[in-house]
Amino acid sequence: MPTATGAPDTANIGDLVRNVKSGDERSFDRLVHLFAERVYRFLMVRGLSSHDAEDITQESFMKAYDAIKDYDEKYAFSTWLFTIAKRQAVSHQRKQKHHVPLENLPDLPEKESQEEGSNLEGLWEFVRNNLNESHFDVLWLKYGEGMSLGDIAEVMNISQVNSRVLIHRAREKLAKLLPKSKEDAASTLAMTKEC
Amino acid sequence: MDCNKAIDEINRVIDEGLPLEESLSNHLRTCGKCSDYYMEMQSIDEKLAASATSFAPRAPEGLEARIISAIGNRNSRKPEPEKITHFPFHYGRFAAAACFILLTMGASFLVWQHKTEVEKQNSAKQLAELKEIFTDLANVNKKAGEANEEKPIDSALYAPLENEVSKLTEDTKAAGRFFIRFIPFSSTENRKG
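First to last, the sequence lines map onto chains A and B. Sequence positions in the first sequence follow this note's numbering and run 1 to 195. Sequence positions in the second sequence follow this note's numbering and run 1 to 193.
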């Protein structure tokens, strides 16, 4: 499946990780080169500001560098890295919730958000504004990052079955929320009567 | 195939990109609700995949360089430490304690050795004195025997000696008792003879 961010060629990632483990810092630079963009985008689409996304991307790589000796190669490196980034983002967002002064709170989204979903460009914005965080994350990891159910389960820290169910529910919820064209609605009504 | 099973299968087909199985195809032909669900899910699947690229913002210029530089800077500031910084801190106190114990033990040993040496010297001195006393005693006995075999030995002769003996320590007296066995009391022999 094509990914939104263009997943890097994974052929040499295992070698790079092994080199880093044996003390080659330059190989980690290469890993940064391969994954920084993807991690940054993942954080941005979750709704972080550009500045926060940059900071958390940097922190995530630093944590990954420190913990790379503990990285289990049976999982994809990207999965492990996204797991770190997601935890960092969640932790950051929790802190933000506690510290945002009232005057800095963003305006609540208004009902026109349904219009966002009606065109392709606004679809993800609509998803982010209308689905909960878990639903958004699983959809993004699947469609934006092209991850397998197993990898999504790993990043989300849930079972594979749960990740599958979460994706189905997210899609179904989105289907209910998205505005339908008149023709679609009519055909749906007709077919439902037949069933 | 019932609708619940069909919905599960539809999601599996979409998630794993599998072809429709015959049983599911047959169900979709006869069930408008499931057919609609399939089309709807497929449409959402396609839209989500297609619009993800345009939604993902690009990373700012220099992000990778910034990360690499931050890690490099931190690593260069990182002291080798474990060995250099922490070793003296953790082990210094143990080393100091060990030195203190060794010094105390050494000093105690020297004091003990000195004391033993002094005691040895004192004992030797006292033993020499005792030997003299008993030699005198033997001589007194001898003289007394020679002078008057029948008369008891004059206790006044022993008085100064007893006085001397009372000053001795118990250890020295014990040594004296041991020593006295080997002093030939010629006076006694003379008396017997």
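Where hints are given, some of them may not hold.
As the list claims (entries may be wrong) - To give a feel for the contact side, a few chain B residues facing chain A, derived at Cβ under 7 angstroms:
1. VAL13
2. LYS47
3. PHE55
4. LEU63
5. ILE67
6. ILE68
7. SER69
8. ASN73
9. GLY92
Said to hold, decoys possible - Using 30 angstroms as the maximum straight-line C-alpha spacing, the simulated DSSO-like pairs for lysine-lysine come out as follows:
10. B:LYS125 to B:LYS167
11. A:LYS176 to B:LYS167
12. A:LYS173 to B:LYS5
These are calculated hints, taken from the structure and not from any lab test. Ideal Cβ positions, reconstructed from N, Cα and C, are used throughout, including at glycine.
Here's how the hints hold up against the structure:
no., hint, result
1, VAL13, "12 angstroms, violated"
2, LYS47, "6 angstroms, holds"
3, PHE55, "4 angstroms, holds"
4, LEU63, "5 angstroms, holds"
5, ILE67, "5 angstroms, holds"
6, ILE68, "5 angstroms, holds"
7, SER69, "10 angstroms, violated"
8, ASN73, "11 angstroms, violated"
9, GLY92, "28 angstroms, violated"
10, B:LYS125 to B:LYS167, "13 angstroms, holds"
11, A:LYS176 to B:LYS167, "117 angstroms, violated"
12, A:LYS173 to B:LYS5, "19 angstroms, holds"
Hint violations for this structure: numbers 1, 7, 8, 9, 11, all remaining hints satisfied.
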